[in-house]
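Student: Protein sequence lines, in the order shown, are assigned to chains B and C.
Residue 321 in our numbering sits at position 321 of the first sequence; the count goes up by one each step and never skips.
Residue 866 in our numbering sits at position 272 of the second sequence; the count goes up by one each step and never skips.
In case anyone wonders, no lab produced these hints; they're calculated from the structure.
One thing to keep in mind: the hints can contain errors.
Stated by the list, open to error - For lysine-lysine, the following DSSO-like pairs were computed, each having C-alpha atoms within a straight-line distance of at most 30 Å:
| id | chain 1 | residue 1 | chain 2 | residue 2 |
| --- | --- | --- | --- | --- |
| 1 | B | Lys-373 | B | Lys-27 |
| 2 | B | Lys-435 | C | Lys-1029 |
| 3 | B | Lys-14 | B | Lys-27 |
| 4 | C | Lys-1029 | B | Lys-14 |
| 5 | B | Lys-301 | C | Lys-1029 |
2 protein chains.
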Amino acid sequence: MTKIIEKIRASAEKRQFFYSFEFFPPKTDAGVENLLGRLGRMAALEPIFVDVTWGAAGATAPLSMRIADETQKRAGVVAMLHLTCAGLTTERALEILHEAKTRGIQNLLVLRGEPPKGSARDCWVGSFQYAIELIRLIRREFGDTFGIAVAGHPEGHSDSSSQEQELIYLKQKVDAGADFVMTQFFYDVSIFLEYVSKCREAGIHCPIIPGIMPIQNYNSFLRMTTFCGTRVPPAVIDSLGPIKTDDEAVKHFGVELATEMCQQLLDAGTPGLHFYTLNLERSVRQILENLSSRIGTMSRKELPWRQAIIGARTNEVVRPINWANRPKSYLARTELWDEFPNGRWGDLRSPAFGELTDTHFADFPVTSKENRKAMWGESPQSPAEIYDTFANYVEGKIPYLPWCETSLQAETLTIQPILAQLNRHGFLTINSQPKVNGALSTDRMFGWGGPNGRVYQKAYVECFCSPELLPYLLNICQHRDQIGVLAVNRQGQTESIRITGTTALTWGVFPNREIIQPTIFDPDAFMVWSEEAFQIWLRLWASLYDDDSISCELLHNIYNSYFLVGVVDNDYIDGNLWSLFEDTMIASRGPCLS
Amino acid sequence: MTKIIEKIRASAEKRQFFYSFEFFPPKTDAGVENLLGRLGRMAALEPIFVDVTWGAAGATAPLSMRIADETQKRAGVVAMLHLTCAGLTTERALEILHEAKTRGIQNLLVLRGEPPKGSARDCWVGSFQYAIELIRLIRREFGDTFGIAVAGHPEGHSDSSSQEQELIYLKQKVDAGADFVMTQFFYDVSIFLEYVSKCREAGIHCPIIPGIMPIQNYNSFLRMTTFCGTRVPPAVIDSLGPIKTDDEAVKHFGVELATEMCQQLLDAGTPGLHFYTLNLERSVRQILENLSSRIGTMSRKELPWRQAIIGARTNEVVRPINWANRPKSYLARTELWDEFPNGRWGDLRSPAFGELTDTHFADFPVTSKENRKAMWGESPQSPAEIYDTFANYVEGKIPYLPWCETSLQAETLTIQPILAQLNRHGFLTINSQPKVNGALSTDRMFGWGGPNGRVYQKAYVECFCSPELLPYLLNICQHRDQIGVLAVNRQGQTESIRITGTTALTWGVFPNREIIQPTIFDPDAFMVWSEEAFQIWLRLWASLYDDDSISCELLHNIYNSYFLVGVVDNDYIDGNLWSLFEDTMIASRGPCLS
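Using the sequences plus the hints, can you model the full thing?
Tutor: Quick look at the structure:
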């Protein structure tokens, strides 16, 4: 289901409000990288789509295409690409449409657009005078390949003689094949609601999605509302007056105002909201937080990890847990596979499983050495300092670890104190999940997969630990018959307790679906992952320090001697993996028993 | 895992006693058919293997081969085939071994055997003087393709000069490649235990399985013990004396004696028991029942239904629930498939899904019309009489229904009273299972899949009901949002509530395994099954009566007007499908609300 109109209908069936985000292509390469990171984070808010602007007369076309592509492939969110008539020839339009189709971009916002700056109206070039002509071309040449949205102008359009005339044009566009309407932003909700009524009277029955642009800055707000001829209610102007030079206060007001507008829109029966983000994250995040009681606190996740939107990978439904905090590496290493038999990777031991290369370590979210040193230590001198860095991550004091390029999962917060204690003791956790015994699939923390289901998890911890500490852990685990342990060091020396095959770690039960089992512990995958995990000590951390420094030596020692340990608690009903680690910490303060 | 020695080792690891059954090829075709039925029933006792004798000098070879084959294919139990040297040429031996290999028969009991009756010792023909020569041929020509067992004689063998000599021969056979020893039957446990000690002293360390032959009849007991030179303890002779003409009393004594012997053997550390059944069922079943506290009340089922032992079907791990009580028909209709992608049938709508033919209705366990009339009514005159027949089945008063060719599942007993009531009301149930929320996988009633797991079921009922009754059910179901219903009549008219896809009905969670989901409700499979289910009214039931009889007309009317209904309760935690049916029964006594 990658056409937006289908997703809108599915939301309506679930009686769930939806929302979408608009971004524009940044001007610099660094800006693009930052935006892609932001897209990844904002994907976790579960917008039903992200749309990407096209620049005046397609000025940013190749970059827009790339961002839409990455949105679908990396962030796992359906993308909608803008397409404007201005300056577009039929030949070029077909070229773009073929490229979009090839890339699996299946949604377009078809606009008339403005001519490039400085062009006189009579310099208008291109094969399409109006959006409807482009819509007709798309439907004629591509049938129903693409979902098509069109723009609505609640406050009129500068080129239209009258709103009546404009609604006639809009109806023609819908009749020609547009699926839904997205409106220009506004600050007076009543204007939008009247516009919807008039559309309905004019025979336009498709969804009409209001555009919301949170005020970010007083000057840009004035500029844009003036340029677009947007009516601003006097109360808004009055409120902004006294704070207009205080950017934070303006932003805060913008969030409050947008929240109130959204409340009114939802009250009036609007099915969803479209946010003009201006490539910013905080305001939209805050507005959605404010609305959480309205738009529902239900989990909107389809799976615990983000499924791909296009390609063979859309069939993927099972992943080993190990790459959970390094999904890009997993995607890259399995990139060449064109089949996901049984909804999963083929054979991890096969030659098709990507070898480790420099690129697997190059694209860490924090690129500068200085910033990474600031997070992980300017010059760590002892294991205790290293242990502290891991604990700091668990406590949310630093955003990343070399092994964790996503920020802490919400569910990890439930086990934060014990995790921090473990790390300071020398169990350096890089992946974990608590047990879950039949939580509702809509549970905000643990839920996924939609309503009316139940979800389950086996508790899992993955950590590095010293060869001195490992025997205490193994000894305690030996006596707990529901525990499985697999440990390996860089040299490939392994220790294993009760691990004889692949174990389901996360699964869900739903009406009208077979059992879904998105996360597993696979001993073979663990072994493949361990090579990558050990490399990370050197490539992402030790490399920050001079070759002959104590810090560098310290990290090399850890790399050379520590074990990577995976611990599975099969008792997801009554088990307590944390008490096991507590017992281990107590035991390791006394003499070793094993 | 189809080699018996591996299964013996697995039992030892699970600390589970095992048992096996021996059968011989019957003399008549009817006898063969009865034996195959018996094998199917006795398979439910979960023997680790069944062995099939070979007849003197291979007299019954082709039939033995066929029975071993059917044991594996239909009953889903590993078979061991006897193979005797007597009269066997190398060429014939290779032929038999190739055939066994082709059929997937992977276990052999290699014996010297006796020459055919009437042959003088010097008329012995064949290429092999001793079993060890045949063992060597098997290992030389087939490597470790076959598991090999050899016979042990705790009371000596008529041909051996001394027990010492015999143990030397036995050790040679084990060294030549035999995996384990099965002994001749005995009635003095101490003789067996001494024999095991002597074997160990002689360096024979493989498993030695005692043969138990429950006394079935006084005369045959005397004849066999005399023929084999078996020592019978005086107490046994004393006990049999007064009851020797009372067959039932002898049988009963045989069960008690064998139970006591088995207790002593298990006490002494014997890992398992082999029963010489003489093709009889009751005594062995009773002995195992008596021993249940010793051999464990744990479920030994691998899956809720019996998996095939050989062929592509060994990969099958998912079945639609509908054929649960007619497994042979399911096997036949999917017989031509050579692939079970994702562990299941391919596409039920594909041309490869077997069409219904006469043979699908021909092999009902009760072949004679008279016997079927006795079960299902000599001449039913009203729907109420038909309803009563269904209730009688649920109450265990008759062993089969036309749709149920296996006797009632143990778990169905837990819902017997409500089921009987439903049937008398006109909901003619042909398949059902109660909900199970995380029962131990070793639970005697619901468990499967081995130790340390948890199993789950969604409650399911499949029934016929009249077009008058159906609306009441649909109306109640409409208001229970966790219920899914699919109903169809012979004409293909369907009613559906919340059925939009395939639902897992039975699943299990285990250490070191992915989620196992052996039973599903698949709407497409339900539709395919419904055709068969409607045909059964005519082919197996109406056909018992004259064409112009009231009974025949009655059954045709039901066939033509009733609906087949499947009801799934997705709430396997708190749901109560039975209260739903109770509400329906109450509602249908008042006016219809829908």
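Student: Each hint should be assessed against the structure and marked as holding or not.
Tutor: Structure-based check of each hint:
Restraint check for B:Lys-373 and B:Lys-27: the C-alpha separation of about 29 Å stays at or below 30 Å, so the hint holds. About 23 Å separates the Cα atoms of B:Lys-435 and C:Lys-1029, which keeps this hinted pair within 30 Å; it holds. Between B:Lys-14 and B:Lys-27, the direct Cα distance comes to roughly 39 Å. Violation of the 30 Å bound is thereby established for this hinted pair. The hinted pair formed by C:Lys-1029 and B:Lys-14 meets the criterion: a straight-line CA distance of about 27 Å does not exceed 30 Å.
At roughly 28 Å between alpha-carbon atoms, B:Lys-301 and C:Lys-1029 fall within 30 Å of each other, so this suggested pair holds.
Violated hint: 3 only; the structure is consistent with all others.
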